[in-house]
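Protein chains: 2
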Amino acid sequence: MPEIKYTNLDKTAAYTKLKNLKKAELKNILKADRIKRTSIAAGGGLTYNYAAKQAADDVIDALGELSLEQQLIQKYMEILSGARMNTGEDRMVLHQLTRGQTVKPVAENGSDIGAFYIEQQKRIAEFAGKVHRGEIRGSTGKNFDTVVQIGIGGSDLGPRALYLALEGWAEVNSKAMMDALFISNVDPDDATAVAASIDPETTLFILVSKSGTTQETLTNQAFVLDVMKKTGPEGLVPARHMIAVTSQTSPLASSDEFLDSFYIDDYIGGRYSSTSAVGGAVLSLAFGADTFEALLAGAHDADVRAMEADIRSNAALMDAMIGLYERNVLGYPSTAVLPYSQSLSRFPAHLQQLDMESNGKSVNRFGEPVSYSTGPVIFGEPGTNGQHSFYQLLHQGTDEVPLQFIGFKKSQRGFDLEIEGSDSQTKLNANLAAQITAFALGQDSDNPNKQFNGGRPSSLIYGSDLNPEALGALLAHFENKVMFQGLAWNINSFDQEGVQLGKVLAKKLLGGAGDTSESGKVLKAYFDLLQG
Amino acid sequence: MPEIKYTNLDKTAAYTKLKNLKKAELKNILKADRIKRTSIAAGGGLTYNYAAKQAADDVIDALGELSLEQQLIQKYMEILSGARMNTGEDRMVLHQLTRGQTVKPVAENGSDIGAFYIEQQKRIAEFAGKVHRGEIRGSTGKNFDTVVQIGIGGSDLGPRALYLALEGWAEVNSKAMMDALFISNVDPDDATAVAASIDPETTLFILVSKSGTTQETLTNQAFVLDVMKKTGPEGLVPARHMIAVTSQTSPLASSDEFLDSFYIDDYIGGRYSSTSAVGGAVLSLAFGADTFEALLAGAHDADVRAMEADIRSNAALMDAMIGLYERNVLGYPSTAVLPYSQSLSRFPAHLQQLDMESNGKSVNRFGEPVSYSTGPVIFGEPGTNGQHSFYQLLHQGTDEVPLQFIGFKKSQRGFDLEIEGSDSQTKLNANLAAQITAFALGQDSDNPNKQFNGGRPSSLIYGSDLNPEALGALLAHFENKVMFQGLAWNINSFDQEGVQLGKVLAKKLLGGAGDTSESGKVLKAYFDLLQG
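Here the protein sequences come in this chain order: X and Y. The first sequence begins at 1 in the numbering used here and counts up one residue at a time. The second sequence begins at 1 in the numbering used here and counts up one residue at a time.
You may find that some hints are simply not true.
No distinction is drawn between identical chains; accordingly, a pair holds when it is met within one copy or between any pair of copies.
[What the hints assert, rightly or not] Pairs of lysine-lysine, BS3-like flavour, derived with a Cα cap of 30 angstroms:
#1 Lys36 to Lys507
#2 Lys22 to Lys5
#3 Lys130 to Lys36
#4 Lys503 to Lys122
#5 Lys230 to Lys521
#6 Lys19 to Lys507
#7 Lys27 to Lys507
#8 Lys410 to Lys524
#9 Lys409 to Lys36
#10 Lys11 to Lys508
#11 Lys31 to Lys130
#12 Lys11 to Lys450
#13 Lys450 to Lys524
#14 Lys23 to Lys122
#15 Lys36 to Lys521
#16 Lys130 to Lys175
#17 Lys142 to Lys22
#18 Lys142 to Lys122
#19 Lys409 to Lys23
#20 Lys5 to Lys17
#21 Lys409 to Lys229
#22 Lys503 to Lys23
#23 Lys19 to Lys175
#24 Lys122 to Lys230
#25 Lys524 to Lys507
#26 Lys142 to Lys409
#27 Lys409 to Lys507
#28 Lys31 to Lys19
For the record, the hints were derived by calculation from the structure and aren't laboratory data.
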């Protein structure tokens, strides 16, 4: 293997080449036969198709060269092997290891970290089984029927999106073991609304904080314990209704305020933690450990496929490199994620964090400013809802927005009705095919209001149905896409220093320390406006 | 009054002037005393503050000149007076009239349209009262306790966002009359999930479609009627569980399949219809007609304030013009909406439609291409959740994204707990003040990973609490902001031709008509991929 080098994007030969290639006109390249040639298996039964991208063969070739020049697969293998790729925090990056070993065991101080993740999931599976069989019950003797996750950011968005994505699947597959709810915002209305909707006697809380110091989460823990005391019956012991997911070094780990604790470590970033105990506890309780393990298997399948060196056979790499082309050569500032499945209603919000928190950086891995664009703005809502909302701008606005469609042959709950010759799922897919075509090819009109220029690029991830394996692969596909882009940009996709300053200033305000600097006065003036 | 002229933005003297003014550095202009000078009452007890915008007095002056040169207030008065400002469809634009008369009565064929809107709301109020008092009941004799709105786009996003925004307020103010649910997506999983969670005997459906021909909505109507028949008890008559909100000329208006019908007209665009019967029916049923009428009063207050000619006293105009400056002079492609209130969780999704569907246009009101950027991409999630998610990119990404914060002194449900010296609501507001300050002023660091350049602009809308008046004003503020921007860009903000092509192609697929054109083959190839 050649030595690994870390180079800024604009210092590579392939990038220079790429910038000089002519942009393909979709009207010229998007033919029915191209659609057949541009599918790549993405894992978990999913397929990624890039036919409607403005990337002809010469661009794809150059993107493949770029991935080789930036040694993306080699660097991915380094990550899988335990390289300390989170340079800012000097940490390994091991979320892929939570779903299975790929290259070789990763150990630290003689201890096998993969075995540690497996052990935690085994403990969770046992715990969930006991809860489901009624061997672990609430403190007043009632079976638990509801689980409430208290966490924010990565401890909330990913697990919540996955829970919603599998709720319908679980119902029709007899895997709906417990209802799950989530409390995240420090806004007291969030916890109050959830607390009002549950029965304290039959509810199990999961407190999720890797550091054990997240202000919002600890506040909501205290909030919920207070509500339990006030509204629960005599004899209710709140501590017997709460488990923790945290790191072994956190202050929570040694607390006796929990029924049990499950562990993560510093090598799993919040936004990458859905396949660790952070997602494992809530999803195993809600749907059974076997469901969560099927999700892990799908993610592992995607991880393995992402090791393929040929860009035309690596869905995550292709998605990443086309995204880079759109960002750095075509100059598009945002990307929309549009799942044609109501069950994926919060999946775009998870990807928004995953992508924007990972790659919204202005310095490279050495701390030097980069002189090219990095991560784009990510947004999205489920189709067909989006069609009746912001698609107007996507079709006819002055800016072009690349689109990432997701669709499935079958609905999740399986219940459907034929109306005017087609069932709803067929209508849904007809709309999806229609949108891709309309965006790409447009339609001329004598009425300028009805003119569709087309030339608006999209990709499609599709599969038979949204089951746990497919969902796991979908999750891992985007994690790996984001990773490849970050590596190509030569940035660290695994820290998030940009969230710190706001925390520090909020603490300063709440601490009441007088700050007579100009910035301190501004801070105080805004706080005074709000506090009236 | 001078004659009204319609001029492209780039043909105005003020725009040329604006482009030549120097961008202010936030570090130089954002001082505590500027915060005091930059608040404008926005109606409903709300205040808009623009201290942290990169607009010094010279820019504000030029924006005021631009609003005069583009005759924005005069054109707004024209709209209020019934001008056919929706040029593409040759229609009046009368959503402001749904919340009260401002300039003069608007009549058509001798009939007073404002009186028509009032009459519909009066009929809704009477109907809702009868439902609440049990005088109108389900077909098996049970009282209605749940209302389900079936609609998509403007018939869904606005009413849903407003319902969620007032749910907590209604609970603590004894106005929670009925639970509301929404079905929008043609994905059968959407209707199936809602149908599984309701009791057919006690549920009232509202079918909302202005044209009476919306594919998704009619499909979901049939879907729901089928479920009612299959799961309801013998004797249940589905038609007696459904009302319609539609135009008087729609095929639905003459149907006897409804318990009752309430009317809108062609002068209320879908995304502007929340204050018409489209929002009125569901919100009056959920929270009582008096609550909805308080929301109308707040919106009317904002509408009246938007008539003010001085930009420094007109919150919607100032917000609009600063947004235009950011879009056309500073070149920012997107804007984030960040409410620090969990109750506003879906308000950004509504604004996304409102703004992007209104101003995502490439031709002016005469159908001529414009050579400047129009509507930006809009996205957002509630803080503090967003802080732990995409704020990383907002603080340290390579692109700058203007921010629109919203905050309130008090929480909505009023339940709170002091933890470590402050309650949750105070922590929430401390975080909000901290974010504005951090974005604007940044903080230098020797560690380039921890460097915050600042200079990232934001505005703040704030008030005492999120009650119906404040919510109405918030809604109208953004409607009027979008309207002013569209007028300044000389585009038609009131049509949405860009959503048509996709519909046509989907219908073609479902109709099965063979299409041997290249575009027809592409369409079919994508459909085949999905249908597997």
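Looking back at the numbered hints, which does the structure fail to meet, lowest number first? 3, 4, 5, 6, 10, 11, 14, 17, 19, 23, 24 and 26
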